[in-house]
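Sequences listed follow chains A and B, in order. Last residue of the first sequence: 295 in our numbering, with the numbers rising by one and none dropped. Last residue of the second sequence: 257 in our numbering, with the numbers rising by one and none dropped.
The hints are simulated quantities; they were obtained by calculation from the structure and are not laboratory data. Any given hint could turn out to be false.
[Claimed, not checked] Label-pair distances were calculated between CB atoms; the ranges are:
#1 A:Ile280 <-> B:Phe241: 19 to 27 Å
#2 B:Lys29 <-> A:Ile280: 45 to 53 Å
#3 B:Ile(-3) <-> A:Asp137: 45 to 53 Å
#4 A:Ile81 <-> B:Gly49: 35 to 43 Å
#5 A:Thr248 <-> B:Arg161: 37 to 45 Å
#6 A:Tyr39 <-> B:Gly163: 52 to 60 Å
#7 B:Gly200 <-> A:Ile280: 25 to 33 Å
#8 A:Asp49 <-> B:Leu150: 33 to 41 Å
#9 B:Ser25 <-> A:Ser70: 41 to 49 Å
#10 B:Leu162 <-> A:Asp49: 46 to 54 Å
#11 B:Ser(-8) <-> A:Tyr63: 58 to 66 Å
#12 A:Ile60 <-> B:Pro27: 38 to 46 Å
#13 A:Met211 <-> B:Ile(-3): 21 to 29 Å
#14 A:Ile81 <-> B:Arg148: 43 to 51 Å
Heads up, the beta-carbon is just placed ideally off N, CA and C, and yes, glycines get one too.
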Amino acid sequence: MNPMTAKRDYFPLFLIAPTVIFLFLVVIYPMIYSLYLSTTNFDLSSGEQSFIAIENYLQILRDSAFFESLGITLILTAVTVSSSLLIGLGLAMILNRYTRGRAAILPLLLMPMMLTPVVIGLMWAMMYNADYGVFSYLLGFLGFERRSLTGNPSTALLSVIVADIWQWTPFMMILLLSGLQSLPEEPYEAAQIDGASKLQTLRFMTLPMLMPTILVAIIFRTLDAIKIFDIVYTLTAGGPGTVTEVVSLFIYRTGFRFFHMGYASALSWVLLVITIVISQVYIKLIRTA
Amino acid sequence: MNRSAKSLIEPSAAYLILLAALLFSVFPTFWILSTSVKTRMDIFSIPPKWIFVPTLEHFQNVLTDFPFGKFFFNSLVVATTTTIVAIALGSPTAYAFARYTFRGSKDLSFWILSLRMAPPIAFILPLYLLMSNLKLLDTQLGLIIVDLTFALPIVVWIMIGFFQSIPRELEESALVDGSSRLGAFWRIVLPLSLPGLWTTAVISFIFCWNEFLYALILTGANARTLPVAISAFNTQRGILWGEMGAASVIAILPVLMFATFVHRHFVKGLTLGAVKG
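Here chain A stands alone, though its shape is the one from the complex (with noise of 0.2 Å):
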């Protein structure tokens, strides 16, 4: 089809124009509408509302337990994005080469990704549990005092991290894996034939052109991760204290249990920005990548 007539082309046009017309309306209009409040000190309880301009993001310039939230949010970020990575692909190399029984077993590897966050968060607070966990069991068991990860603020965040990478890691090795797959053959045995060794292999020749892949997989769990928010609700609950209080459960509770709406807005707003910056880096990169 030339360009001249794909401009007065009205049927691809006809085909989207329910769905983007509903996202709008759905997405556009109240995001509007949030950007409008975060300018107010509108507040749900009292019903009060009057228009104090920045006043709310100078306040989020102030707030330390936003920063605080902020920072838990990108270590377990970091330490479950990586974690997951590097486990995942470990697994997708071995079932990359040792494909027998691979087919029976690959679904019960990928079953985590796929169930409910929230009941996720309730199976390791039962397994956590220091009374009659499985956990502390095994930890008396190997002779350590049995103790609840999730209680104790040392251990809480590593608790929610633990669940977050068993959710995850499938994600991580089932996109490496298929990466793995699509990859050439023909440069492996030159390579042979040349006498690299295993780790040559890797480092110089695998690595590189799964890169792709792995950027993908990079920016997909991170933005994930960052929303977090089911797993540790059910989980922690954000404690003991705030210890384990990530992003999206601060605004929650700012919004929801205190009813400050023109400042949740504004902390969306941060937010928002902060995802779009992220994802527009990450985008940058696998362009030239």
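Once you've looked at the hints, dock chain B against the given chain A.
Only chain B this time, still in chain A's reference frame:
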């Protein structure tokens, strides 16, 4: 070390690692399944009991003492309706993106993609106020509308991939035979995409079924979905582990059923087709 012994070490290590991964991956699910059918005595026994006489009392309790039947029904209605609407609106859109380039088509499709990446907590504040104004709080319809904000992008992006894999020649020959473009889409392309449509529908269903944050904020006693109801069994009510287990099993049952069919494609739901599963 001789050659044959050396060649055995690597595979054995590989399979041992796989076995460990398999155990780690399956154990928590196994544990909640077993908790749901253990008696209270067995649940709290130390050391943990591996062999026990199963009971269905907790399932009975969650269905009679708590209205889990109703929550299950709410989840089912919301996830099914959202998925049907998302497929109905989203697949023509996906087809347009797969076959035509027009001014702004790239930007539009990336805008739809970005909706799936944005944090839901940022959307829900104004949507809560909107639903409150529309008197749609605690209704299935309100939740369906909001769930479509992630279900639609998922459907559009996965279906683009499926439509691109169908050869253009089939439609072109239909057009030569005098079919309209809409007719070619409806009678040629859609039937051929049926397997893809089913896969996409199942993935969309699972995402809606698992959704928590929107349901937590938008629903109350009337339209509450399973994940919200289950989240109320927090660690403080540790005494109700059996009920918690039974409710959890009810919640993950559809996922366990579907998982065998869509496990490889599910990745597409998470990456929106950026990577072929």
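These are the hints, each one checked on the structure:
no. : hint                               : in the structure
1   : A:Ile280 <-> B:Phe241: 19 to 27 Å  : violated, 37 Å
2   : B:Lys29 <-> A:Ile280: 45 to 53 Å   : holds, 47 Å
3   : B:Ile(-3) <-> A:Asp137: 45 to 53 Å : violated, 33 Å
4   : A:Ile81 <-> B:Gly49: 35 to 43 Å    : holds, 41 Å
5   : A:Thr248 <-> B:Arg161: 37 to 45 Å  : violated, 57 Å
6   : A:Tyr39 <-> B:Gly163: 52 to 60 Å   : violated, 41 Å
7   : B:Gly200 <-> A:Ile280: 25 to 33 Å  : holds, 31 Å
8   : A:Asp49 <-> B:Leu150: 33 to 41 Å   : violated, 59 Å
9   : B:Ser25 <-> A:Ser70: 41 to 49 Å    : holds, 45 Å
10  : B:Leu162 <-> A:Asp49: 46 to 54 Å   : holds, 51 Å
11  : B:Ser(-8) <-> A:Tyr63: 58 to 66 Å  : holds, 59 Å
12  : A:Ile60 <-> B:Pro27: 38 to 46 Å    : violated, 59 Å
13  : A:Met211 <-> B:Ile(-3): 21 to 29 Å : holds, 22 Å
14  : A:Ile81 <-> B:Arg148: 43 to 51 Å   : holds, 49 Å
Checked against the numbered hints listed earlier, the structure breaks hints 1, 3, 5, 6, 8, 12; every other hint is satisfied.
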